[in-house]
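There are 2 protein chains.
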Amino acid sequence: MDLSRLPAVPPLPSGFSGLLRARFGEACQTSEAIRTQHGASESHFPTVLPGAVVFAASTQDVVDCVNLCREHGVAIVPFGAGTSLEGHTLPLSGGVSLDLSRMDAVVAVNHADFDCVIQPGIRREALNAHLRDTGLFFPIDPGANATIGGMAATRASGTNAVRYGTMREAVLGLEVVTAQGKVIRTGKRAKKSANGYDLTRLYVGSEGTLGIITEITLRLHPMPEAIMAACCAFETLEGAVDTVVQAFHCGVPMARIELLDTALVRAVNRWSKLEMPEAPTLMFEFHGSPAGVTEQVETIRALAAANGGGEFVWAEKTEDRTRLWRARHEAYYASIAVRAGAIGWTTDVCVPMSRLAECITQTRAELDRSAIPTTIVGHVGDGNFHVLFAIDPDSPAELAEVEALNASIVERALAADGTCSGEHGIGLGKQEWLIAELGEDAVDVMRTLKRALDPDGLFNPGKIFSM
Amino acid sequence: MDLSRLPAVPPLPSGFSGLLRARFGEACQTSEAIRTQHGASESHFPTVLPGAVVFAASTQDVVDCVNLCREHGVAIVPFGAGTSLEGHTLPLSGGVSLDLSRMDAVVAVNHADFDCVIQPGIRREALNAHLRDTGLFFPIDPGANATIGGMAATRASGTNAVRYGTMREAVLGLEVVTAQGKVIRTGKRAKKSANGYDLTRLYVGSEGTLGIITEITLRLHPMPEAIMAACCAFETLEGAVDTVVQAFHCGVPMARIELLDTALVRAVNRWSKLEMPEAPTLMFEFHGSPAGVTEQVETIRALAAANGGGEFVWAEKTEDRTRLWRARHEAYYASIAVRAGAIGWTTDVCVPMSRLAECITQTRAELDRSAIPTTIVGHVGDGNFHVLFAIDPDSPAELAEVEALNASIVERALAADGTCSGEHGIGLGKQEWLIAELGEDAVDVMRTLKRALDPDGLFNPGKIFSM
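These protein sequence lines map, in sequence, to chains A and B. Going by the numbering used here, the first residue of the first sequence is number 1017, and it counts up by one from there. Going by the numbering used here, the first residue of the second sequence is number 1017, and it counts up by one from there.
Extracted from the complex, chain A is given alone in its bound form (with noise of 0.2 Å):
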């Protein structure tokens, strides 16, 4: 897509502003400050400023809301905590900016069913410290402080993914409200059904296109009875994916194993005051009964030496674990920190994990040509790896070297069997390699589900395909 040339958002219709405001009163607001907050993005999008911004804090409030821009005709875009790397939030035909924030209540723990419902709006870190004192978690951690509806609706994953799967499998019913304003439940509690179509996958990874989640019904896990995170450096960045590769082979249930290259190590170091070796390294994390995070430990250690890998630096302690994987999910910053003034551009490719290596290698000799800092981060152990880009937003010349860099890097994962998005969704960026991974006819399916279900185009316009 070429952002210089997004479509010109229209104004709210004339009145219409006065029809929120006489139902959602304070819930929405026009302000210049919260449109541009709800217009903005955390990647390399330009800011769209939605016409108005609504508050939602219950179910009605969503149904309201949906049907009052049905009858006028207004976009409508929903809104979690904004940290999207694909632009999913930004309101392309202006409209409503539905935000999610303030359902953001537990309602239900089922402790001896492992399950949890909430709303959309609580955010992954909220959720996991209210779950502190139950023995249950909720693994799934993209590094950023999402809602649980967002994540939902991207279908997104991260760190803990090679273990506990992704939303897809984290989500075991959802609530959602429907373009026509009507509430529907896409499953219950148990933990498997063959009743019929599956609705609730078909909502998880929609990015809002379909339908407004305001309720999640959540798999939790238990705390593991051993926890261990490590990071080890190796001599090569082949050496370090080898590691991950024949530790998929082997079958060892990790529960994290992260890939850093040499510069995003550097990257970290300085942003988050940490001495790393300065050299392609492997964050692990080890979940079990003791002597089964014992056997995984060993298994790795002998890997990791066989491929040219230093010492274990070992993290036991809570706070150790969590300085560990700050460093980690402050990826993304300490990235684009490298450079004053720079924005952040990431890639998100997952390829099939026998050919890792040559996708990550290859990738790296392509970017060592470019003058443009880049960072490579990767859950590997599911196969899935982003280059981080800090480019300069006012010079085209350096967003076409990006975009030729993205395009082959998308291209080689593509001709490898893998995906373009591994985890960030569709949004505006991925649209165009979307088609290139599953061919106009599939895609034309998407949009034949998204008239049938959305026949006015108002959820979300403009995101995952063109219509």
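No lab work stands behind these hints, which were simulated from the structure alone. Just so we're clear, the structure is a prediction, and the values are computed from it rather than from any experiment. Errors might be hidden in some of the hints.
Identical chains blur together in the list; that is why a pair holds if it fits in one copy or across any two.
Cut-off 25 Å, straight-line C-alpha distance, at most; resulting in silico cross-link-like pairs (SDA-like, lysine to any residue) [to be verified]:
#, residue 1, residue 2
1, K1198, A1121
2, K1198, Q1447
3, K1198, P1471
4, K1198, V1133
5, K1198, A1073
6, K1198, E1456
7, K1198, A1431
8, K1333, C1266
9, K1198, L1430
10, K1198, I1451
11, K1333, M1483
12, K1289, E1058
13, K1198, G1455
14, K1198, E1291
15, K1198, S1059
16, K1333, P1240
17, K1198, D1433
18, K1333, S1059
19, K1198, E1335
20, K1333, G1089
21, K1289, G1031
22, K1198, D1457
23, K1198, A1124
24, K1198, R1086
Keeping the supplied structure of chain A fixed, place chain B upon it in accordance with the hints.
Chain B only, in chain A's frame:
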């Protein structure tokens, strides 16, 4: 659904079977024997004959058959092994039964990525025989030797799902022929993806109503280093179920944990010529490293002993394990065989673990008040259990009694936040319960999807819901 009121099946349009013959030659069959084989059911549904049976040998055959049928307004029902228990393959509107069993090739096995690409007509036992020397296996095991295509279409699961998930997790991507005769691919081979609407999960479980699956990319698993199987008889049904629930809470990663009630053990002893103690019984299988399996076994023995479990009978050798699981797999046939001339009817509820004990014991108490022979078998590690009724097909009174008992079982499961179908699908038999479970508005969303993707309503009409 009132089975005595199945709609009359229209004949094929005049001249249509000639068109099929011209295109498919001997691969189009219209003999009564072959039509009967494709119109029968393994369950209590009446036989409904298709107008013709087409044996597809390629995706192009499927495309051509779909195009011919669409051009002439003829319904088309995919057929695999015919082992469905909910009447999925009955051609309610007549038309063509499209038999995919000749499309049974293994297209590729990607050892290094733990996946394979197969045609839909291969059966799960043949797939595992093909994989035998690779160190990999396909774990999903519904008992019947179903085709993988049929298992995908009904979102099947079975005995290993507690550890390895269901067909929802097993399918990485599909090739599908749409009602418009287009061939689409829904995903590639990456372990995860956030590439737009989850078309893979939409077709998995769509029961042939949205598209025809012509190729499947499947996730495989490495054969565990150590496997141990065992069975254990309990003093009470409660004791057996409590053991399962406690094992779930302890996070024991069992591969299989199956419940057989006393009536079923008796039936299985008779059918499979075994001498198991006639008491509520759990069958277990443990997969993992030798140390891991030992740890699992110790935990389970302690739990069983505390709940009135007797000695564990071990099956360590492959042939002993095979005999043990054959007994479990033949439970359906064993349960019907207790009564001469009987046919089977099975329920399929799945409930949250915290409600499992009360649901099973209340169900057993209710069944004990009926004279109809019944057994209970369950994938209880998932909260899923089946009641098998051996019914006299010629007794309307008995049919009415079973319907009332089934209603009571499903209502109890729904009140416990469970589902009417854990794994068999909706088909013909669970349509009213799907509405009771999710509500008319959610089922209306399914109908909207159906109308959008199959506007002429020719793909397996009358299944999942009425339009």
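Against the structure, the hints:
Taking the shortest alpha-carbon separations for K1198 and A1121, only the intra-copy value of 21 Å comes in at or below 25 Å, while the best inter-copy value is 45 Å. For the homomeric pair K1198 and Q1447, the shortest alpha-carbon distance between copies (21 Å) is at most 25 Å, but the shortest distance inside one copy (29 Å) is not. In this homomeric assembly, K1198 and P1471 come within 25 Å of each other (Cα to Cα) both inside a single copy, at 14 Å, and across copies, at 23 Å. Taking identical chains as interchangeable, the C-alpha atoms of K1198 and V1133 lie at most 25 Å apart only when both belong to the same chain, with a minimum of 20 Å there against 40 Å between chains.
Proximity of K1198 and A1073 under a CA criterion of 25 Å is satisfied intra-copy only: 17 Å inside one chain copy versus 44 Å between copies. Only between protomers do K1198 and E1456 lie at most 25 Å apart by alpha-carbon distance; the minimum there is 11 Å, versus 31 Å within a single protomer. In this assembly of identical chains, K1198 and A1431 lie within 25 Å of each other by CA distance solely across copies; the values are 23 Å between and 42 Å within a copy. Within a single copy, K1333 and C1266 get their C-alpha atoms only as close as 27 Å, which misses the 25 Å cut-off; across copies the closest is 23 Å, which meets it.
Taking the shortest alpha-carbon separations for K1198 and L1430, only the inter-copy value of 22 Å comes in at or below 25 Å, while the best intra-copy value is 39 Å. Within a single copy, K1198 and I1451 get their C-alpha atoms only as close as 31 Å, which misses the 25 Å cut-off; across copies the closest is 15 Å, which meets it. Neither within a single protomer nor between protomers do K1333 and M1483 lie at most 25 Å apart by alpha-carbon distance, with minima of 52 Å and 59 Å respectively. Proximity of K1289 and E1058 under a CA criterion of 25 Å is satisfied intra-copy only: 23 Å inside one chain copy versus 67 Å between copies.
For the homomeric pair K1198 and G1455, the shortest alpha-carbon distance between copies (11 Å) is at most 25 Å, but the shortest distance inside one copy (32 Å) is not. Neither within a single protomer nor between protomers do K1198 and E1291 lie at most 25 Å apart by alpha-carbon distance, with minima of 54 Å and 56 Å respectively. Neither within a single protomer nor between protomers do K1198 and S1059 lie at most 25 Å apart by alpha-carbon distance, with minima of 33 Å and 37 Å respectively. Only within a single protomer do K1333 and P1240 lie at most 25 Å apart by alpha-carbon distance; the minimum there is 14 Å, versus 32 Å between protomers.
In this homomeric assembly, K1198 and D1433 come within 25 Å of each other (Cα to Cα) only across copies, at 21 Å, whereas the closest approach inside a single copy is 39 Å. Within a single copy, K1333 and S1059 get their C-alpha atoms no closer than 34 Å, and across copies no closer than 57 Å, so neither meets the 25 Å cut-off. With identical chains, the CA atoms of K1198 and E1335 are never at most 25 Å apart, being 46 Å at best within one copy and 55 Å at best between copies. Within a single copy, K1333 and G1089 get their C-alpha atoms no closer than 55 Å, and across copies no closer than 68 Å, so neither meets the 25 Å cut-off.
Taking the closest pair of Cα atoms, K1289 and G1031 never come within 25 Å of each other, the shortest separation being 53 Å inside a single copy and 80 Å across copies. In the homo-oligomer, the alpha carbons of K1198 and D1457 lie at most 25 Å apart only across protomers (7 Å), although the nearest pairing inside one protomer, at 30 Å, exceeds that limit. Taking the shortest alpha-carbon separations for K1198 and A1124, only the intra-copy value of 23 Å comes in at or below 25 Å, while the best inter-copy value is 45 Å. For the homomeric pair K1198 and R1086, the shortest alpha-carbon distance inside one copy (12 Å) is at most 25 Å, but the shortest distance between copies (33 Å) is not.
Taken one by one, the earlier hints fail for this structure at numbers 11, 14, 15, 18, 19, 20 and 21, listed in ascending order.
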